[in-house]
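Turn these sequences into a full structure, and let the hints guide you.
If you read the sequence shown in UniProt numbering, its first letter stands for residue 1, the second for the next number, and so on.
Please keep in mind that the hints were generated in silico from the structure rather than gathered at the bench.
One thing to keep in mind: the hints can contain errors.
Only pairs whose alpha carbons sit at most 35 Å apart, straight line, appear in this in silico DSBU-like list of lysine-lysine [stated by the list, open to error]: (1) K116 with K291; (2) K79 with K116; (3) K86 with K54.
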Amino acid sequence: MQEELRAFTEWVGGGRKLTQTGNLTLSDARALVALLETGDEIDPKIGDRLFRTKSSTELPGLNLIVEWAKAAGLVRVVKGRLLPVKKAAPLLKDSERLWEASFAALGKMSEALFPKNYWYASLVGEEFTLIWPALLLRLYGGAVPVADLRELAWEIASPYYEMHDPQAQRRMTDRDLDRLLAVLARLGAVELTQETATLTPVAVNAARRSLGEAAPGEPIYQIRVTLQESADPVIWRRLLISPGITIDGLHRILVAAMDWEGRHLHLFTVGGVLYGEPSPEWDLDIMDEEKTSLAEVLAEVGAVMEYEYDLGDSWRHDVVLEEIPIAEEWVRYPVLVDGAGACPPEDVGGIGGYAYLRLVLADPGHDEHDEYVRWAGLERPQEVDPARFALEAARRALASAG
1 MQEELRAFTE WVGGGRKLTQ TGNLTLSDAR ALVALLETGD EIDPKIGDRL FRTKSSTELP
61 GLNLIVEWAK AAGLVRVVKG RLLPVKKAAP LLKDSERLWE ASFAALGKMS EALFPKNYWY
121 ASLVGEEFTL IWPALLLRLY GGAVPVADLR ELAWEIASPY YEMHDPQAQR RMTDRDLDRL
181 LAVLARLGAV ELTQETATLT PVAVNAARRS LGEAAPGEPI YQIRVTLQES ADPVIWRRLL
241 ISPGITIDGL HRILVAAMDW EGRHLHLFTV GGVLYGEPSP EWDLDIMDEE KTSLAEVLAE
301 VGAVMEYEYD LGDSWRHDVV LEEIPIAEEW VRYPVLVDGA GACPPEDVGG IGGYAYLRLV
361 LADPGHDEHD EYVRWAGLER PQEVDPARFA LEAARRALAS AG
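Shown next, in the form of C-alpha cells:
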C-alpha cells in the first residue's frame with residue numbers, strides 16, 4: 001500500500017483538476033487504475049449488458065487509495081484541484097514514516113473503507129469510531145481468533161439499530177470486518193491465517209502510540225479509584241495505566257475495573273473543569289474527553305480527579321495519582337494491581353439505594369424483601385455479597401474490555 005500511496009502522490013505532481021463534485025475525472029481514473037493496478041473494472045460487462053462507469057467513486061480500489069492519501073495528509077483539495085501537501089514530501093522518501101502516517105490515517109477512513117449506497121450502509125462503517133479503537137486494543141494483546149473480532153464488531157454496533165433481518169445484517173457485518181482485516185494485511189499491519197489475526201511488530205508499536213500506551217522505560221501512573229461514601233467495605237481499585245491515554249480511554253478502563261456495565265452517561269471533574277462527551281443537549285461547558293490525555297489533567301503525585309458514573313444514580317469516584325513508576329518490558333497496561341469490594345448493582349438508586357438494598361436483603365422479614373430479591377434477579381439474597389472481589393476475574397475483564 002505504501003508504494004501505491006507514493007505513486008499516487010507523485011502522479012498528482014503539481015496538481016490535478018477535479019470534477020465539480022470534487023472527484024477525479026474519468027480520464028484520470030482510467031490512467032490511475034492501470035498505473036496503480038487497483039483491480040477495478042471500468043465499464044464492467046455483466047452478461048450481455050455493459051454498465052458504464054460514471055464516476056471515479058464507483059472504483060473502490062482507486063477510491064481507497066485517493067482517500068487514504070488525503071487522510072494521511074499527503075494530498076489535499078484546494079479550489080477544485082488536488083494538490084500535494086508540501087510538508088508531507090519527506091514522508092515519500094521515508095518508508096517508516098510513510099507507513100506510520102498511513103496506519104494513523106485508518107481511524108479517519110470509515111467512508112472510504114465502507115462506502116454507502118442507496119440500499120446498504122455498513123454497521124462497521126457507521127460505528128467505526130467505536131469499533132476501530134476496540135479492535136486495535138483487542139489485537140494489541142496478541143493473536144486473536146477472527147471469529148472473536150467479528151463478534152466484537154457486532155456487539156459494539158448492533159445495539160444501536162432495529163433490524164428487519166438480523167441474521168443477514170450479521171453476515172454483512174462479518175464480511176465488512178473481514179474486509180477491514182484484509183486492508184490491514186495489505187498495509188502490513190496484521191498477519192492473517194484462516195483462523196487468527198495478529199498485529200505485526202511494526203503495527204504493535206504503532207498501536208501502542210495510538211492507544212496512548214507507555215513504552216518500556218517511560219513513566220506510567222499508579223492510581224487509586226475509590227467509590228465515594230462506600231463503606232463496609234470501602235470499594236476501591238488500584239491500577240497502573242499509561243498517562244498518554246485519553247480521558248475517554250480512562251472511562252472505559254474504570255468501567256471494566258469497577259465492573260460497571262458502561263451504559264450510562266459519565267463526567268470527569270478536575271479543578272472545576274468538566275470533561276466528557278460534549279452534546280448540544282447539555283447546558284454545560286464540557287471539554288472533549290477524546291481530545292484530552294490523562295497526563296494533561298493529572299501531572300503530579302497526589303493530584304485528584306472525580307469520576308461520576310450514571311448521572312442519575314450519581315456514583316462518584318475519587319481518582320488519585322499515587323505514584324509515577326516506570327513501565328516494564330513485556331507488560332501490557334493497564335494493569336489492575338489490587339482492590340476490594342463488589343461493585344453495586346446498577347439503577348439501585350446510588351449509595352443510599354445500595355445501602356437500603358443491603359438492609360432489605362439481610363432481613364427476610366422485611367416487607368420489601370421478596371420484591372427486592374425479584375428486582376435484583378436473585379435466586380438467593382446471599383448472592384449480593386458486598387465484600388466479593390475476585391482479582392483474577394477482574395483482571396480478565398479488564399484485559400478484554402476493548
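Cross-check of the supplied hints:
A threshold of 35 Å between alpha carbons decides the hint, and for K116 with K291 the separation of about 28 Å falls inside it, so the pair holds. Between K79 and K116 the CA atoms are separated by roughly 25 Å; this keeps the pair inside 35 Å, and the hint holds. About 31 Å separates the Cα atoms of K86 and K54, which keeps this hinted pair within 35 Å; it holds.
In this structure, every one of the numbered hints holds.
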